[in-house]
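Visitor: These protein sequence lines map, in sequence, to chains A and B. Heads up: the first sequence begins at 1 in my numbering, then just goes up one per residue. Heads up: the second sequence begins at 116 in my numbering, then just goes up one per residue.
If you're looking for bench data, these hints aren't it; they were derived computationally from the structure. Note that the structure is predicted; figures quoted are calculated from it, not measured. The beta carbon of each residue, even a glycine, is placed where N, CA and C say it ideally should be. Check before you lean on any hint, since a few could be wrong.
[Said to hold, decoys possible] Computed footprint of chain B on chain A; a stretch qualifies when at least three of its residues, placed anywhere within it, have a C-beta under 8 Å from a C-beta of chain B: (1) 16-22; (2) 37-51.
[Stated by the list, open to error] Selected chain B positions facing chain A (Cβ under 8 Å, derived; list incomplete): (3) 144; (4) 157; (5) 158; (6) 173; (7) 175; (8) 184; (9) 187; (10) 189; (11) 202; (12) 212; (13) 215; (14) 218; (15) 219.
Below, each chain spelled out in residue letters.
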Amino acid sequence: DGGITQSPKYLFRKEGQNVTLSCEQNLNHDAMYWYRQDPGQGLRLIYYSQIVNDFQKGDIAEGYSVSREKKESFPLTVTSAQKNPTAFYLCASSPQTGGKNTEAFFGQGTRLTVV
Amino acid sequence: GQNIDQPTEMTATEGAIVQINCTYQTSGFNGLFWYQQHAGEAPTFLSYNVLDGLEEKGRFSSFLSRSKGYSYLLLKELQMKDSASYLCAACHASGGSYIPTFGRGTSLIVHP
Chain A
1 DGGITQSPKY
11 LFRKEGQNVT
21 LSCEQNLNHD
31 AMYWYRQDPG
41 QGLRLIYYSQ
51 IVNDFQKGDI
61 AEGYSVSREK
71 KESFPLTVTS
81 AQKNPTAFYL
91 CASSPQTGGK
101 NTEAFFGQGT
111 RLTVV
Chain B
116 GQNIDQPTEM
126 TATEGAIVQI
136 NCTYQTSGFN
146 GLFWYQQHAG
156 EAPTFLSYNV
166 LDGLEEKGRF
176 SSFLSRSKGY
186 SYLLLKELQM
196 KDSASYLCAA
206 CHASGGSYIP
216 TFGRGTSLIV
226 HP
């Protein structure tokens, strides 16, 4: 079955450690996104990528880094520079061919808790 | 910049109709999406509007007015399972990319 997979679902890290969240899709989508969601909040864009080896900062990129070495994969690293990393992280992909085909398909999310 | 506004919370009775409004300001508008999100889960697609008017899909309908920067999601014959957060997202085109910007979400509580 085609889909977008995030792992792990729950992740605990000590303060000051970098952590990488995995996102893989087999939908052959060009665009991929990372969003952060805090309790009672909407989704805020961290980074997005339209094509392999290219990515752009979103609204809250500080303290995060990404790579897009393969079309299928868009990992997100939460660095120690991120002041408040505890949140629910959602990865999404989109065909990006315009119109309805800009619909975002979401993974199940990773809940990161930093202690 | 992009700005999306929707009410924080709404309550309704099982079997009733509820309308969730969304206003947006965006350049390079490329359509308006509605998603449903249950607590701790991923958002799931409900509807897409790019032209003015009403799109109906079963119990759910969505309306768009581009001149007013306004959309609404209409839920009919409410069921308890409709209790969820409803996210409005305006998609804009920028540098060849299409980027959805999400509102804060409207938490809908359906009670018996």
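Visitor: Identify every previously stated hint that the structure contradicts and give their numbers, smallest first.
Guide: 1, 3, 6, 7, 8, 9, 10
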